Amino acid sequence: MLHLLQAVADYGLRRTTALEWGDWNKLYAGEINAEVLIMGSSTAFVQIDPTIIEEGLGMPTYNLAMNGHRFDFQYFKLKEYLKYNQRPKMIIQVVDYATMDSTESFFAPQFIPYLDKRAVKEKLSAYDKDYQWLNFIPLMKYKGRSREFLNGFISIFNDNGIWGSYKKGYLPRENKWNEIEFTKYLEQNPNGPPIKFSKYIMNDFTRFVRYCNTNEIDLVFIKFPRYHQLDEITDFSQFNSFYDQLSTMHTVKNFDFQSQSFIYKKKYFYNSTHLNKTGANIFSKEIVDLIKNHD
Amino acid sequence: MIFNSLEFAIFLPLVFLAYWFIFNRSIQARNVFLLVISYIFYGWWDWRFLGLIVFSSVVDYWAGIRIASTTTLKTKKAFLWLSLGVNLGLLGLFKYFNFFMTSLAEGLSQLGIHADPFTLNVILPVGISFYTFQTMSYSIDVYRGQLAPTKDPIAFFAYVSFFPQLVAGPIERAVNLLPQFAVKHRFSYEQGAAGMRLILWGLFKKVVIADNCAIYVNQIFDNYQTASSLELILGAVLFAFQIYGDFSGYSDIAIGTAKLFGFDLMVNFRTPYFSRDIAEFWRRWHISLSTWFRDYVYIPLGGSRVSKGRAIFNTFVIFIVSGFWHGANWTFIVWGALNAIYFLPLLLRGKNRNNLDTVAEGKYLPNLKELFQLSLTFALTCIAWVFFRAENVSAAWGYLGGLFEGTVYLSQINLGRSILFLGFMLPVWMVLEWINRNDTLFSWVQQSIIVRGVYYIFLIMCMILFYSKPVGFIYFQF
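Chains as they are written, first to last, in my numbering: chain B, 1 to 295; chain H, 1001 to 1478.
Hints are computed from structural coordinates only; laboratory data are not their basis.
Hints should not be assumed to be uniformly reliable.
Unchecked claim - Beta-carbon label-pair distances, calculated as ranges:
| id | chain 1 | residue 1 | chain 2 | residue 2 | range |
| --- | --- | --- | --- | --- | --- |
| 1 | H | Ser1411 | B | Lys285 | 47 to 53 Å |
| 2 | B | Glu187 | H | Leu1108 | 37 to 43 Å |
| 3 | B | Glu187 | H | Gly1107 | 35 to 41 Å |
| 4 | B | Ala126 | H | Trp1047 | 54 to 60 Å |
Source: prediction; values computed, not measured.
C-beta atoms are modelled at their ideal positions from N, C-alpha and C, and glycine is treated no differently.
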């Protein structure tokens, strides 16, 4: 009976258009097939509107970013994407201070309906051995996930489930700048955000760049835009030189927005490292212009 | 080792199999086995405190024999006081010493005298309040001639340390439990199944109700200064559910576990939130403790069959001592005193034994009068729980002040995330509790295989889906 309940919830999550499941479902159904892919973490997920890129470049675009995930998971998603979808012509990779950091946690609920897929199981098992058996004990993969379970049931009757779906993998934020939070953030991080480089992730990243070169995928690095005050307290030299060297070595387009005027205006940000919807619109248009002008 | 842990999930079946297949052949071997595994169970938490249980058991075993064998009342009394002194001394040293010292220093500072309090850097041994009360009841019962002292030290030691109820009760009387160590037990499927049903129900109350309520309760009580009145009301109500789910859940698991080994423990809770007045509440809440205080403190003081002034005094004594039993903090004392204030009007009007039956007996729903009485009693209980949960008395007053401000915004609770638990799980549980107010839930479930199947699957499913970060049992700290 518990197996049956699990199968019903899985079925619902495999057909929903809601949240990350909607993305993964399209990906596994081979329905994305974009010519331009946007990759990154939250700094891509909430900041680059694929519709603006699509209209500006005239190429079907999809935001494949993984909110809150480091590069190894972003790369995993790309590899899964390439198994079921056609190869893109261009990848816009947003890099931020956490891109090269090692993964300590990931958003597990998005993988619940796909734990029968070998690649998914292997990927997650590398971080938590429980994922090797989680799919076999009934309902265990829904442990503490009552809302996800309910969403699975509701999605059988309503494609969007409880929650709405993302716009081509993009979720703009309407939030406004919060000065109190920013002051608190500066107190907690007097030297700015911690920039870490993991050798394992750096190797993955280099492989990814080589893959793009070999397969004639036009790769674009976008250094994440941040509120200007962060640059005054943070040492971004290692961050900048890593991506600058890599882009020179592999002839990758490499754009930095820290000289743009919008990074001085709080009205475009909701926190020091993320643009709100208005800022994201400007940023997305700037990306189009830079890519066009560069060519 | 706690009941909702993987260790216990492995420990229990192993012990169960060894008990019935190997050690149950002789009473002596079985009791030795139960004693050893009980000490392992307790030592899993901190083996250093095993010495305290052994010491308390030795003193009471010996005192029991000497009380019974002595003919002079004076000597009997001396041995009784030795037993009480040792047990209360252990409690005083480990639980109350620091409280008394710091309170004394604070009191002196009010008089303008500065004193650095001498405090002990000791942790509170788990279960000390429970097993010391259990052993004291043995000595008192022997002294009163209500119980013959046991000559079997192993049975007595096993009775004191019986692992299902060692760390958080029920506080068993020797009259009920000790004789069960002297008879051979035969495995009964019915008793085993009843035990498993209780364990499952207890785990559900702990894992689903208490642990999920704890998330909201911690958030609201930690931020009570910025929470709205609506949230503060919710916090108090959810704490009432949390502490009930936590403690009655523990008791059910303990009683169910004991049943698996052929032992019957006393009922500790009878749906206390379906009480029509505070007296009924106390007949249904933590029954093993409230009857302990009734039999060993309240009645010896004269109970209610004394002058009005004395009856008021006795009522305050029993409730304040009961509050103080929970912990060395003024919050528990105020909680106890508040319950005494709730109780007094009933006592003085001779209405404290009005509601001896169960509410809406033989009916599906209560009538309007009963509904009002239930709501009022629950509201009063929730107000008292605020003192029980708050860090200190001034925080409790601050919390209660905010509660009556009348603000209704949500700053601590995400309604979207909470709707499934607050809007579905809690109401379903309350319905099950309502069905169980006559102890009829299990017989209702047993009526058909379909109802039984749905009920078990539902409980297991909820325990998985609503699983949250495990929280330790609240009563372990007492």
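Quick check: which numbered hints come out false for this structure?
1 and 4
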